[in-house]
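A.B. asks: Its first residue numbered 1, the sequence shown is counted upward by one per residue in the working numbering.
Source of the hints: derived by calculation from the structure; they are not laboratory data. Honestly, I wouldn't trust all of these hints.
Stated by the list, open to error - Label-pair restraints from in silico Cβ distances:
| hint | residue 1 | residue 2 | range |
| --- | --- | --- | --- |
| 1 | Lys3 | Thr131 | 35 to 45 Å |
| 2 | Leu28 | Lys2 | 13 to 23 Å |
| 3 | Gln57 | Ala91 | 42 to 52 Å |
| 4 | Lys2 | Arg55 | 44 to 54 Å |
| 5 | Ala151 | Ala24 | 10 to 20 Å |
| 6 | Pro90 | Arg120 | 31 to 41 Å |
| 7 | Asp51 | Val73 | 13 to 23 Å |
Backbone N, C-alpha and C define an ideal beta-carbon position, used for all residues, glycine too.
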Amino acid sequence: MKKWKLVLSQGLLAGSLASLISTAVLALAGRRESGSAAAPLNAVSHWYWGDEALRQQQADLAHTAAGYLTHHVAATFWATLYAALASNRPALRTTPGVVLGAAATSATACLVDFNFTPQRFTPGYEHRLSTGALLAVHAALAIGLAAGALALRDQYHDDERRKTREPEADEACAPRIVRHVRAGRARYVEADERSRYLKNLP
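Please model the complete structure; the sequences and the hints are all you need to start from.
C.D. replies: Next comes the structure, spelled out in structure tokens:
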């Protein structure tokens, strides 16, 4: 599989896992702290519905589905970005590297979302959850990113091993006539060099 396909595959898988796991944490934290499992996801849709979404308690298609879709897209974006960065860095595909890379990606997402993103496009659930719950959500995001990366790690290794074997495989699979031509050319060059050497003898 080509590397860009692996990057997209990891982005989709890790993004989906990160989205599902962090959504579960959002729902649990929402039920505990806001009295509604749907409230944090509803708040995510505030980029479209405005402050009304931040106060929405009940689950409905307009707010909850839009909030989950937005959260899923954001998780997939960060997962794909991490996959692209790690694709050319073997150290980030070791188990410690994956864990550290996923944690760093989640921390970066948190920093960007809450410090550099315009208010209208922040996650929104920060209005319904405590700081501790927000940390738990981003820890869940990191777990999903790591799980997706580890699941596809062997495919990167297979791709790299395949590339190292390609030159040998090309030579072995070359048509017989091509191999004969190459061998004949080599013998001709060797004979020509021997002839020149003999001519230069005293």
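A.B. asks: Does each hint hold? Answer for all of them.
C.D. replies: Tested hints:
1. The beta-carbon spacing between Lys3 and Thr131, approximately 39 Å, falls within the hinted interval of 35 to 45 Å.
2. A hinted range of 13 to 23 Å for the beta carbons of Leu28 and Lys2 is inconsistent with their spacing of about 39 Å.
3. For the pair Gln57 and Ala91, the supplied restraint of 42 to 52 Å holds, since their beta-carbon distance comes to about 46 Å.
4. Hint check: Lys2 to Arg55, Cβ distance near 47 Å, so the stated range 44 to 54 Å holds.
5. A hinted range of 10 to 20 Å for the beta carbons of Ala151 and Ala24 is consistent with their spacing of about 18 Å.
6. Pro90 and Arg120 have their C-beta atoms about 40 Å apart, which keeps the hinted 31 to 41 Å range intact.
7. Against the hinted window of 13 to 23 Å, the Cβ-Cβ separation of Asp51 and Val73 comes to about 22 Å, which satisfies the hint.
In this structure, the one hint that does not hold is number 2.
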